[in-house]
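**Q** Listed below, chain by chain, are the residues.
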Amino acid sequence: MDEVLLRSLTPGVLTVLVRRGADFAAAEDAVQEALVEAVRVWPADPPRDPKGWLVTVAWRRFLDAARADTARRRREDRVDEEPSPGPVPAADDTLRLYFLCAHPALSPSAAVALTLRAVGGLTTRQIARAYLVPEATMAQRISRAKRTVSGVRLDRPGDVATVLRVLYLVFNEGYSGDVDLAAEAVRLTRQLAAAVDHPEAAGLLALMLLHHARRAARTASDGSLVPLAEQDRSRWDTRLVAEGVGILQSALARDRLGEFQAQAAIAALHADAPTAAETDWVQIVEWYDELARLTDSPVVRLNRAVAVGEADGPRAGLAALAGLDSALPRHTAVAAYLHERDGDRTTAARLYAEAARKAPNLAERDHLTRRAAHLNAQLDADRGR
Amino acid sequence: MAKYLLLKHYRGAPAAVNDVPMDRWTPEEISAHIRYMNDFAARLEKTGEFVDGQALAPDGMWVRSDGEGRPPVTDGPFAETKDLIAGWMVIDVDSQERAVELAGELSAAPGAGGKPIHEWLEVRPFLAAPPNSTESCH
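The listed protein sequences correspond, in order, to chains A and B. For the record, in the first sequence the residue sitting at position 195 is 195 according to the working numbering, with numbers rising by one throughout. For the record, in the second sequence the residue sitting at position 46 is 431 according to the working numbering, with numbers rising by one throughout.
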């Protein structure tokens, strides 16, 4: 059974239930139960109309829960009869579900969890494993998120930008457990880009595809990081690159530039270079200038300094770096790299070791420690030891 | 079964036998070390004794309440803190002997020159939940 196909039906089924009058939180629970049932039943008895099957089962589960709820609270029945099957929900409905799950009232972690469950169709256990938290913690996070948006009507338009930020967060998490969050983020962004006519949704999808294309080349067999310049480019997924570039080109043609399109353009320029030495760094610097104009982010200016170092030489890169706050994450690592390129291995080795101590994750720490070790070994050899 | 915390220190533990900072190892020695650590954890997962392992950044801070309605007070990080934890592994094993045996293996991870580091690890038993049977009280 194709689990991804099954999960791709989630938002459509959920919106049918909500259209029929179910409240979001209860409908979401019912859809989860239907998904679990599908995993159990479908392998032996695949339905002819998978979505219709899910709608029927989810609606039944919703009614059962509503009746139990009603009996328990001694209230009047909210729902008596099964309505006739509603129309197939339009892409619009899916879109509004995205808006709801990325509602500005939700914290980023809550929005991420709710999106993965209600739009992505993942179980609470899968999401908990992916984020390395206990299942009970994730269950609480999701039910609080559902309460937070319980008063929000599903028919209000939202802001695509908030949805894009949530999907970007999912993509950047890497992955653990049995769910590949990056692949899931690509799937959800693809679905979003199909549902909404927005150049930045296309830009984010292109960015994800271009980064995802490099994934196999990004880690060595021992799990260590391989920097872009040292990656075996024959291991990049050319199909994903071509798709990403195509999506980016049609987005850029619409002349409504945004930060994801600009980031994707930089990724596309890297993808376009047959070797690291052939990278068009001058154009990359220009895109960083655009990005800096769009976002005013110090992280962008830090990355720009690296690009300037490649385009105009390490001294120019160090000059670009000089104006930036040294407390910025990865500032020390960038300084180490530029000094190494400038031939000052002693300073570079010292800075790499310092950057390793400040690294935000183990893979980067190991990588930076290796760089320091590599330079120290060279320096020792030069001294004739 | 009993749980033990194996603590690795950046500072505060007695000096290791093979005490060379990692950026003075060769890149191959670093790779060998990381492989050893990963293999160790993977093996404990297979034997059903691994619970959790995490590494900590060296820069943290001290925080305490400063009373109602006031923001917490923070201090540090202190460059000279005597004791600084680098990370931990939690294991669930049948005996203290087994915990000591495993800590010994972990301490023997290869370091500079490919020789074992023989660093000191702190082994701390968890305080367990009270047993359901009360026989031990009588």
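Some hints could be false.
[Said to hold, decoys possible] Derived list of chain B stretches under chain A, where covered just means 3 residues or more per stretch with a C-beta under 8 Å from a C-beta of chain A:
(1) 418-428
(2) 440-449
(3) 473-486
[Said to hold, decoys possible] Below, in silico cross-link-like pairs of lysine to aspartate or glutamate (DMTMM-like), each with a Cα-Cα straight-line distance of 25 Å or less:
(4) Lys358/A - Asp477/B
(5) Lys358/A - Glu430/B
(6) Lys467/B - Glu37/A
(7) Lys358/A - Glu465/B
(8) Lys431/B - Glu354/A
(9) Lys358/A - Glu504/B
[Claimed, not checked] Covered by chain B, per the in silico footprint, the following chain A stretches (three or more residues, Cβ under 8 Å):
(10) 181-191
(11) 216-224
(12) 347-358
If you are wondering where the hints come from, they were derived from the structure by calculation, not from laboratory data. Remember, it's a predicted structure, so these values are computed and weren't measured experimentally. All C-beta atoms, glycine included, are put in the ideal place defined by N, C-alpha and C.
**Q** What hint numbers does the structure not satisfy?
**A** The structure conflicts with hints 3, 4, 5, 6, 8, 10, although it agrees with all the remaining ones.
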